[in-house]
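*Asks:* One-letter residues, chain by chain:
Protein chains: 4
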Amino acid sequence: MIGKDRIAAANEAAEADLRAEYDALGAVLDRRGIDIAAVKEKVAGYGIAVPSWGVGTGGTRFARFPGAGEPSTIFDKLDDCGVIHELTGATPRVSLHVPWDDANPADLVAKGEELGLGFDAINSNTFQDQAEQAASYKFGSLSHTREEVRSQAVEHNLYCIELGRKIGSRALTIWVGDGSNFPGQVNFTRQFERYLDSARQIYAGLPEDWRLFTEHKIFEPAFYSTVVQDWGTNYLIATELGDRASCLVDLGHHAPTVNIEMIVARLIQFGKLGGFHFNDSKYGDDDLDTGSIDPYRLFLVFNELVEAADVPGFDPAHMLDQSHNVTDPIESLMNSAMEVQRAYAQALIVDRGALGGFQEENDALMASETLKRAFRTDVTPILQMARLEKGCAIDPVATYRASDYRGKVADERPVSTSGGGGIV
Amino acid sequence: MIGKDRIAAANEAAEADLRAEYDALGAVLDRRGIDIAAVKEKVAGYGIAVPSWGVGTGGTRFARFPGAGEPSTIFDKLDDCGVIHELTGATPRVSLHVPWDDANPADLVAKGEELGLGFDAINSNTFQDQAEQAASYKFGSLSHTREEVRSQAVEHNLYCIELGRKIGSRALTIWVGDGSNFPGQVNFTRQFERYLDSARQIYAGLPEDWRLFTEHKIFEPAFYSTVVQDWGTNYLIATELGDRASCLVDLGHHAPTVNIEMIVARLIQFGKLGGFHFNDSKYGDDDLDTGSIDPYRLFLVFNELVEAADVPGFDPAHMLDQSHNVTDPIESLMNSAMEVQRAYAQALIVDRGALGGFQEENDALMASETLKRAFRTDVTPILQMARLEKGCAIDPVATYRASDYRGKVADERPVSTSGGGGIV
Amino acid sequence: MIGKDRIAAANEAAEADLRAEYDALGAVLDRRGIDIAAVKEKVAGYGIAVPSWGVGTGGTRFARFPGAGEPSTIFDKLDDCGVIHELTGATPRVSLHVPWDDANPADLVAKGEELGLGFDAINSNTFQDQAEQAASYKFGSLSHTREEVRSQAVEHNLYCIELGRKIGSRALTIWVGDGSNFPGQVNFTRQFERYLDSARQIYAGLPEDWRLFTEHKIFEPAFYSTVVQDWGTNYLIATELGDRASCLVDLGHHAPTVNIEMIVARLIQFGKLGGFHFNDSKYGDDDLDTGSIDPYRLFLVFNELVEAADVPGFDPAHMLDQSHNVTDPIESLMNSAMEVQRAYAQALIVDRGALGGFQEENDALMASETLKRAFRTDVTPILQMARLEKGCAIDPVATYRASDYRGKVADERPVSTSGGGGIV
Amino acid sequence: MIGKDRIAAANEAAEADLRAEYDALGAVLDRRGIDIAAVKEKVAGYGIAVPSWGVGTGGTRFARFPGAGEPSTIFDKLDDCGVIHELTGATPRVSLHVPWDDANPADLVAKGEELGLGFDAINSNTFQDQAEQAASYKFGSLSHTREEVRSQAVEHNLYCIELGRKIGSRALTIWVGDGSNFPGQVNFTRQFERYLDSARQIYAGLPEDWRLFTEHKIFEPAFYSTVVQDWGTNYLIATELGDRASCLVDLGHHAPTVNIEMIVARLIQFGKLGGFHFNDSKYGDDDLDTGSIDPYRLFLVFNELVEAADVPGFDPAHMLDQSHNVTDPIESLMNSAMEVQRAYAQALIVDRGALGGFQEENDALMASETLKRAFRTDVTPILQMARLEKGCAIDPVATYRASDYRGKVADERPVSTSGGGGIV
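Chains as they are written, first to last, in numbering that gives the first Met the number 0: chain C, 0 to 423; chain G, 0 to 423; chain E, 0 to 423; chain U, 0 to 423.
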């Protein structure tokens, strides 16, 4: 871990400038009728879950280029997640992935408590074959034509719930790779019937206070069709299953040019928005750092979330889901958590009264300007001040680099080998 | 009209070759266990509706380049539709568009009877302003923020139903241009609530034996968001309205790369496939001739339709919807109707028993080959023989050209002027 | 026109706040080693051309919904352009479109001088048929199969040059709609040979101190192929023609997901970037207001331009090209000009030394952050101060609305009628 | 291997039907003025290279699900390639990938001679790190910022040439993963300068009778920018390097909706089409079986190739490049080779005289129909007869399955383990 002293020392050097910039921003917002302290308080209360798999270096089917000091166990991963939260104060929970992170629940809980981390939604994995596995998922899992494969996949999900209960999770996230690579390979209707049948069995095993999130994706690893290809199918699933089932939106899982913020609005309207996997993308499911490609799109998603904040029972889960192929994953996750906070803060300062008026009057230009004005506002001082007041770092990346955490764990952890990706 | 004698004379020259090719194909299919006569009978019984607006030359926002002898009234248009059906025997119904085609219902019925044409779904138009119109649709119609605009649009749809009843239509098709061009211009949720409210009023006025088709489209004429942007939203509408409401799928209204045949399967599975607007596209809503760009995709759609043929009550409406910018619209519509028949015939000869087996066994390669084998089969002789036996043309385009129908109507109809499109 | 007094009065009310915000921003930038005054000076010196056709309400193939007080002549249009420049000080030139704007050159020059406006690149139009025209462009213009059509199109371009010389233009912009709607309709190679042959004839008539810009576009109005479909073909044209020929990049003319800023970099590197048509888009050539959909993409383009500022002879033309379907065109053009200035200012404050270092070290995260930091900076006070010091409006839209310019010209100008678009 | 007797026995059962269908097709083509024997001869003379890596089961970043009897060495792979050619007679050459296939050249040549296989273009690999490698390609190879990495990558390519010379290859294919994942990570211009500099060093080492193929790709494994992102950049490379450098077109490496056949035509026109990597795709670089998703697009590419057949010196390389994730790779490669032959045969029977006339007259409908007519023709009997006469299998997949080749090698080859893909 980084340590309070180190953080405090780094903050001390930056605090005066921060206070000046915070005050200047406060004055600007005050002229717009916005109380900067209230915004800061909401930002400070915001938390997003980190995916355990995100702290390892990601790769593509072509190659994986590991960095130094990669985590080799879930406990290493939790250490890294602890650093992220220690420095940013923005990531109080970790989302586990089973079987990658399978371990003694008591040990997981103890480690989480040690680091001040809780456990978010648990993720099942039926898109890979494990060494000890009886049946293969090569041709599908929950929607496979053969009953024994589907049963195995259902059982795995029930196992995940069981593990999750023991560590304090409250939700299960299902994403499957089921689909097809050739027209004709699957019967779309029968495949989806089988998926629904399996999902119903999992839902039947869901504790009363849990939620079930299903995730859609247009393509990859299947390249002609995907059984849960879009929000339309995802909505059907959530409706068929019941009240505790809802849809997870991953920002990179849509067809090119699709208006994602509108999908978010529709799911909210019909009570089926379960949560998010945040990341950014330019081409496909690129899993790039959140806000790195199109930050305005991220803001527009948060604009919908803030707009819906008063909807009774509205409480979507927020998680990051990224692949860090060329950066230190800890740095990327810290920055991404802060980008999400930034979008949230910007959405909070939208003048919603004015916006509603412009919408009513069809004043498209001023409605657009109202959003742009909030988006243009550099809310960095708000985020920094929220961190400072929590004892976290004003500049998490700089503080992290100065600590040489990575160098230290590199000395302790086994060297991770280069991977060839899936093509060979 | 072309005339039975002219058609018969043209057919006579081609008949011997056709019979030879039909017999050769019959032998090929017989070896696959398929009775060519049974396929021919189904093809002969198939009909698709022609859009009245399709017989005029289309255009873009940049320009419209009219051809000679353009129809100037709905009665001219019906004449052209009559020619299409006379030559192909494949287009027994015309789909009207109001107010473009508004006329005395008795006159429409009389003209239809004269030409052997019935009337398919009627289309309302609330995406343009008409000269006499009280309120403008500039900022929307069924979902407009102002009640009087929505009422006007609802009234127009009820008027369309009324007209449709008098001419024998049994369905109303609603497509609106409502959406937005700027983030923030509309509140997605409130806009959709207003849309649903208006649609419910129309549905309330729907005769018991009518169906209501709603059409989704990802973009154009709105370029940031569209109120019915995809099949997910379209499904919500159909579900909210009731049993007689269902979804119309236009093949060009989807995001790039989207798997359309899978959407078709989903809507069938959930009882909400209302019908089609057939056309083809490469980039956006290009409205190109059906089957001209990706004929295999068209076949895959028909593969789903034939697969679902035994679903009780399954009876989607089939319509063409194209923009003929560089061809004689009569020729394009004839060819397109035949392309749809071709895809239907190809889908009929898929070996569904074998396909189901390969799907069950996850034999992806042979499943694909089973579809490809049917698609590769040149079913032209079946289509031609079906036409010959109906007294229609073996080669409709050649017979049409030989008749100089276009030259004759060009002498009688007023000259249509070049249009500048919407940009000036 | 709006009038200096009205502007000054409006500015007076806002000046104190502006000075406070400008000073606060100056302090922030100073801590980064940036002199705000130097940035302001560059922004003040920046100008972008307004398209004459942009001041009329645009439309789609479905409809055009005109606003009140539409300009009916080029002189009306110049008045509107004058207002834009009077209020923003950012649009010193107008780009004419012939034949839409054809008029007595002396009158144009006189009007321009009266308004303080010059004339930018002149645009030819061979994508529409004009009433008096001998041959039709239905099947192409510069690349048409028939020699007389190509000659007519070449002549028209030479006429545009002639007109342009008389009014002080220094460049010709060619965009054609030539392409095809069906596979097979054109022979790609022969069509492009004909295009090049025609373009060479135009280039031969280009004055020594002129430049020729050719514009590529992936689709629309042709929907299967376009003769200048992408920057690759555009580059071939510029190379074949000669040194004074270069490529125009319209931000909405690319395939989905294409990295436009990289195309800009390539064209700069190979000496063939002629200029820009700025706008924004989500789906196709949506012609939305610049920066309204993806402002970070606009910034990334300007990042390339500032990066290349020292390349000898580097002087791309900057023009707006938008379709204003739901806003007052004057307002949209003012805002868009300011969005371009904003992106320019943000690109100016990128720490290029640091960026180069991070690139050299493959520190992807910090390189990204270096750009994001500049982008996040709200440079509005710089833009406002530049305007204030020029005697232009701190808030151009508010000042424009307060002036009721639109209401006044609506009383004087003929009412523009609703258009049906190209589809009927 | 399968064995002549087994093939002959299988053919015997199918020969009578084939002869009947061949004769019937011959009669059809004869009526169109086409000599079926001449088409058959050209098809029989056509060969396409198989990629050595294609005979192993492919995977994605999520997982790889190996099949039974996977090849474990290049000699196993050559055995599998031998089977493909034995059965289809369509794949006389293998394209090696180094270092995956690195081996004693004399052994490779001997094995090739034993199997009747030659060696096509050799492929270098600088997108993965090898165990013994000094410098990492994590941040690029030919375009890396550090000279020692670029040198290592250049050296590797020179090594590939050296190996290729010894086994009879005549071309080097370069595809790199270089690019970036974040805006700002690389300087586009300097990165491309470095790429060109490295490529020039490789070109300098190219034997006089060799060709250099460079391959472009829009994204993956880099997700924000790719150094050779499209054919425009690829063309610049080929032009900068010299006459023996040309562009390789992989059908799956383009932005969505891009007109690939037009790119092919442009590269032919400017003398820079080097060859193809054939496959099919729906979303991205899906590497699906050739012709499985959009067979008409494949035909349109071959239409350009046949159109250009008389261009002096025109001799593009034809290779397959696919990832077989859910099929037996031998079956997929056989089918894909036959799909390419099919597209070639269909393109050969296009009535080019008629097509040229329709193009000249702008008869778009009949031009389209001329292509469609050839495409609709089921040329299967031509392909089958060409195989029968060569002693290859009428039905390669059925004959292969009956031989149980896969079962036999599964007994001999080591079991391949499931792969986790690049993500963990």
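Worth flagging that the hints you see were computed from the coordinates, not collected in a lab. Glycine is no exception: its CB is placed at the ideal position from the N, C-alpha and C atoms. A couple of the hints might just be wrong.
[As the list claims (entries may be wrong)] Calculated lysine to any residue pairs in the SDA-like style (CA-CA distance at most 20 angstroms, straight line):
id: 1; chain 1: U; residue 1: Lys137; chain 2: C; residue 2: Asn186
id: 2; chain 1: U; residue 1: Lys271; chain 2: E; residue 2: Ala203
id: 3; chain 1: C; residue 1: Lys271; chain 2: G; residue 2: Glu192
id: 4; chain 1: C; residue 1: Lys271; chain 2: G; residue 2: Gly117
id: 5; chain 1: G; residue 1: Lys165; chain 2: G; residue 2: Asp242
id: 6; chain 1: G; residue 1: Lys137; chain 2: E; residue 2: Leu195
id: 7; chain 1: U; residue 1: Lys137; chain 2: C; residue 2: Val414
id: 8; chain 1: E; residue 1: Lys137; chain 2: U; residue 2: Gly406
id: 9; chain 1: E; residue 1: Lys165; chain 2: E; residue 2: Leu195
id: 10; chain 1: E; residue 1: Lys165; chain 2: E; residue 2: Lys137
id: 11; chain 1: G; residue 1: Lys407; chain 2: G; residue 2: Gly66
id: 12; chain 1: G; residue 1: Lys137; chain 2: E; residue 2: Gly312
id: 13; chain 1: C; residue 1: Lys137; chain 2: U; residue 2: Glu360
id: 14; chain 1: E; residue 1: Lys271; chain 2: E; residue 2: Leu205
id: 15; chain 1: U; residue 1: Lys137; chain 2: C; residue 2: Lys137
id: 16; chain 1: E; residue 1: Lys137; chain 2: G; residue 2: Ser415
id: 17; chain 1: G; residue 1: Lys271; chain 2: C; residue 2: Asn186
id: 18; chain 1: U; residue 1: Lys271; chain 2: E; residue 2: Arg189
id: 19; chain 1: C; residue 1: Lys137; chain 2: U; residue 2: Gly406
[Stated by the list, open to error] Anything over 12 angstroms on all C-beta distances counts as not near chain U; from chain C, calculated:
id: 20; residue: Met0
id: 21; residue: Lys41
id: 22; residue: Gly58
id: 23; residue: Val108
id: 24; residue: Lys137
id: 25; residue: Lys281
id: 26; residue: Asp286
id: 27; residue: Gly352
*Asks:* For a C-alpha distance cap of 20 angstroms, please report whether Lys137(G) and Gly312(E) respect it.
*Replies:* Between Lys137(G) and Gly312(E) the Cα gap is close to 46 angstroms, so the pair fails against 20 angstroms, i.e. violated.
*Asks:* May I ask you to check that Gly352(C) keeps its beta-carbon over 12 angstroms from the closest beta-carbon of chain U?
*Replies:* The claim holds: Gly352(C) sits with its nearest Cβ about 35 angstroms from chain U, beyond 12 angstroms.
*Asks:* Lys137(U) and Lys137(C) were given as a pair; does the straight-line alpha-carbon distance stay at or below 20 angstroms?
*Replies:* violated, 30 angstroms
*Asks:* Keeping to a limit of 20 angstroms between CA atoms, is the pair of Lys137(U) and Asn186(C) held or broken?
*Replies:* Violated - the C-alpha atoms of Asn186(C) and Lys137(U) are around 41 angstroms apart, more than 20 angstroms.
*Asks:* Given the proposed pairing of Lys271(E) with Leu205(E), does the C-alpha separation stay at or below 20 angstroms?
*Replies:* holds, 17 angstroms
*Asks:* Measuring Cβ to Cβ, find out whether Met0(C) lies farther than 12 angstroms from everything in chain U.
*Replies:* holds, 25 angstroms
*Asks:* Compare the distance between the alpha carbons of Lys137(E) and Gly406(U) with 20 angstroms, and conclude whether the hinted pair is satisfied.
*Replies:* The hint is violated at about 62 angstroms.
*Asks:* Beyond 12 angstroms from every chain U Cβ: check whether that's true for Lys137(C).
*Replies:* Violated, because the least Cβ-Cβ distance between Lys137(C) and chain U comes to about 4 angstroms, which does not exceed 12 angstroms.
*Asks:* So if I understand the rule, the pair passes when the alpha-carbon distance is 20 angstroms or less; does Lys137(C) with Gly406(U) pass?
*Replies:* Status holds; Cα separation ~19 angstroms.
*Asks:* Tell me if the straight-line CA distance from Lys137(G) to Leu195(E) falls inside 20 angstroms.
*Replies:* violated, 42 angstroms
*Asks:* Is it true that the CA of Lys137(C) sits at most 20 angstroms from the CA of Glu360(U)?
*Replies:* violated, 53 angstroms
*Asks:* Does Asp242(G) lie within 20 angstroms of Lys165(G) when you go C-alpha to C-alpha?
*Replies:* violated, 23 angstroms
The structure fails to meet hints 1, 2, 4, 5, 6, 8, 9, 10, 12, 13, 15, 22, 24, 25, 26 from the earlier list, while all remaining hints are met.
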